[in-house]
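Undergrad: At the far end of the sequence shown sits residue 717, using the numbering used here, and the numbering has no gaps.
Be a bit skeptical, because a hint or two may be false.
Computed beta-carbon distance windows for the label pairs [claimed, not checked]:
hint, residue 1, residue 2, range
1, Trp585, Leu614, 41 to 47 Å
2, Gly679, Arg710, 45 to 51 Å
3, Ala653, Gly679, 16 to 22 Å
4, Ile717, Pro696, 36 to 42 Å
5, Gly679, Asp615, 36 to 42 Å
6, Ala595, Ile717, 18 to 24 Å
What the hints contain is simulated information worked out from the structure, not anything from laboratory work.
Small disclaimer: the values here were computed from a predicted structure and weren't measured.
The beta carbon of each residue, even a glycine, is placed where N, CA and C say it ideally should be.
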Amino acid sequence: GINAEYGGRDEGPINGLWRGVGPNVARATVTTAAQISSYDHSKHVLLDLGWFQEGPLLHFLSSVIAGFCAATANNPVDVVKSRMQAETILAGTTPKHRNIPQVIRLVLKSEGLGGLYKGWFPNWCRIAPHTCITFLIFEQLRRICGIRPI
Numbered sequence: 568g569i570n571a572e573y574g575g576r577d578e579g580p581i582n583g584l585w586r587g588v589g590p591n592v593a594r595a596t597v598t599t600a601a602q603i604s605s606y607d608h609s610k611h612v613l614l615d616l617g618w619f620q621e622g623p624l625l626h627f628l629s630s631v632i633a634g635f636c637a638a639t640a641n642n643p644v645d646v647v648k649s650r651m652q653a654e655t656i657l658a659g660t661t662p663k664h665r666n667i668p669q670v671i672r673l674v675l676k677s678e679g680l681g682g683l684y685k686g687w688f689p690n691w692c693r694i695a696p697h698t699c700i701t702f703l704i705f706e707q708l709r710r711i712c713g714i715r716p717i
């Protein structure tokens, strides 16, 4: 890490490198689970209602819904991750943000539930296009390979 005398971190090469890995893994897990499950569910609901047929429009709308669900599910984890990674820790001091449950308690106590959703709209603006592109390509690859839609 950077020497604390210069106002930076002094965590050592291993601790500094791995700080925030837990929240990053949690974020990736929550995001993927929310994207895949909400895409599949919304696609089937839209099909079952008879509003759409299998095709790019259905895939796009289901992807937008999946992006919304993913942003909503992962935002609290993203806030925790950002708080843990951004904190400056000086040599000999205890970090304010030590673990995920402790950060959640601090945010809820000081900012309420809304604190866990700070930055939701920019998060959704980032996730929605990624989710749409991912699932549109996924469905086209499935079609090209001759795999029936689920």
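Undergrad: It remains to establish, for every hint, whether it holds in the given structure.
TA: Hints and how they fare:
1. A hinted range of 41 to 47 Å for the beta carbons of Trp585 and Leu614 is consistent with their spacing of about 44 Å.
2. At about 46 Å, the CB distance of Gly679 to Arg710 agrees with the hint of 45 to 51 Å.
3. Under the hint 16 to 22 Å, the C-beta atoms of Ala653 and Gly679, about 20 Å apart, fit the expected range.
4. The beta-carbon spacing between Ile717 and Pro696, approximately 23 Å, falls outside the hinted interval of 36 to 42 Å.
5. Roughly 38 Å separates the CB atoms of Gly679 and Asp615, a value that falls within the hinted 36 to 42 Å.
6. Judged by the Cβ atoms, the range 18 to 24 Å given for Ala595 and Ile717 holds: they are separated by roughly 23 Å.
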